[in-house]
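Protein chains: 2
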Amino acid sequence: MAKTIPENFQDLLSKKALADIATIMPDGTPQVTPVWFDYDGRHIRINSAKGRQKDRNMRARPAVALAIVDPDNPYRYMQLRGEVIEITAAGADAHIDALSNSYLGKDYPNRQPGEVRVTYVIKLSSVSTMG
Amino acid sequence: MAKTIPENFQDLLSKKALADIATIMPDGTPQVTPVWFDYDGRHIRINSAKGRQKDRNMRARPAVALAIVDPDNPYRYMQLRGEVIEITAAGADAHIDALSNSYLGKDYPNRQPGEVRVTYVIKLSSVSTMG
Numbered sequence: 015m016a017k018t019i020p021e022n023f024q025d026l027l028s029k030k031a032l033a034d035i036a037t038i039m040p041d042g043t044p045q046v047t048p049v050w051f052d053y054d055g056r057h058i059r060i061n062s063a064k065g066r067q068k069d070r071n072m073r074a075r076p077a078v079a080l081a082i083v084d085p086d087n088p089y090r091y092m093q094l095r096g097e098v099i100e101i102t103a104a105g106a107d108a109h110i111d112a113l114s115n116s117y118l119g120k121d122y123p124n125r126q127p128g129e130v131r132v133t134y135v136i137k138l139s140s141v142s143t144m145g
Numbered sequence: 015m016a017k018t019i020p021e022n023f024q025d026l027l028s029k030k031a032l033a034d035i036a037t038i039m040p041d042g043t044p045q046v047t048p049v050w051f052d053y054d055g056r057h058i059r060i061n062s063a064k065g066r067q068k069d070r071n072m073r074a075r076p077a078v079a080l081a082i083v084d085p086d087n088p089y090r091y092m093q094l095r096g097e098v099i100e101i102t103a104a105g106a107d108a109h110i111d112a113l114s115n116s117y118l119g120k121d122y123p124n125r126q127p128g129e130v131r132v133t134y135v136i137k138l139s140s141v142s143t144m145g
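Sequence order for the protein chains is A and B.
Quick note on the numbering used here: the first sequence kicks off at 15 and runs consecutively.
Quick note on the numbering used here: the second sequence kicks off at 15 and runs consecutively.
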């Protein structure tokens, strides 16, 4: 099983595809939310805010899974599984702006008062593709 | 927290939106896959094939979560959590054809030799909407 995103699916990275990320709740049940993401060739990075449910879930239980569907073809997608190996507020403000510029073409417009942005680095353990 | 899909999000049901469904692996980690779905006003139904990973996961651990994103607006979506309350092969062949007709406009074209189709009925415990 591949542990990186194959060349022929890397177009999804520039197509503003969302990732639906699953995390595990305290009772062991799943939670899924759509998120922006980027990829450095080895790791997926996402960004959230301290205290949110998925933040609390990933701090306590680092196993995650993601589905990334081609916005131009719903039958072409990747399924990824992995583990959050780093959780940091350092650089996370700049990171949400970088993601927002990539997805929306402008700095992140939805900051909440007092919000602490957080970056999560995900090490992939399996990548499978369809379509 | 709502336990049904609100009126103002029911348009997603006819828009051929995919659901990304999370199930729980034997080791407690999550798995996410895009699926077709329908909704009877109370329950979400999906369809898979006997023996697949998500089939095995849902038989052993019925808690699931789904994200359903508006194909026309990625910032409008629903997050659902619930439990699989029924798993049946009865009617599941007709069900995959009904789903396929709804999404593709024709009977399901991808049946595999020996495949046993299965319908999963999901009782919702929470529905939240964004956008």
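No lab work stands behind these hints, which were simulated from the structure alone.
These numbers were taken from a predicted model, which means no experiment stands behind them.
Among the hints, erroneous ones may be present.
What the hints assert, rightly or not - With a cut-off of at most 16 Å between alpha-carbon atoms, the simulated EDC-like pairs for lysine to aspartate or glutamate come out as follows:
(1) A:29 to B:86
(2) B:29 to A:86
(3) B:29 to B:100
(4) B:64 to B:121
(5) B:30 to A:107
Structure-based check of each hint:
Between residue 29 of chain A and residue 86 of chain B the CA atoms are separated by roughly 15 Å; this keeps the pair inside 16 Å, and the hint holds. Between residue 29 of chain B and residue 86 of chain A, the direct Cα distance comes to roughly 15 Å. Compliance with the 16 Å bound is thereby established for this hinted pair. Under the criterion of a C-alpha separation no larger than 16 Å, the hint pairing residue 29 of chain B with residue 100 of chain B is inconsistent with the structure, at around 26 Å. Proposed proximity of residue 64 of chain B and residue 121 of chain B is contradicted: the alpha carbons are some 19 Å apart, above 16 Å.
The straight-line distance between the Cα atoms of residue 30 of chain B and residue 107 of chain A is roughly 35 Å, outside the 16 Å bound, and the hint therefore fails.
The structure fails hints 3, 4 and 5 (numbered hints given earlier, in ascending order).
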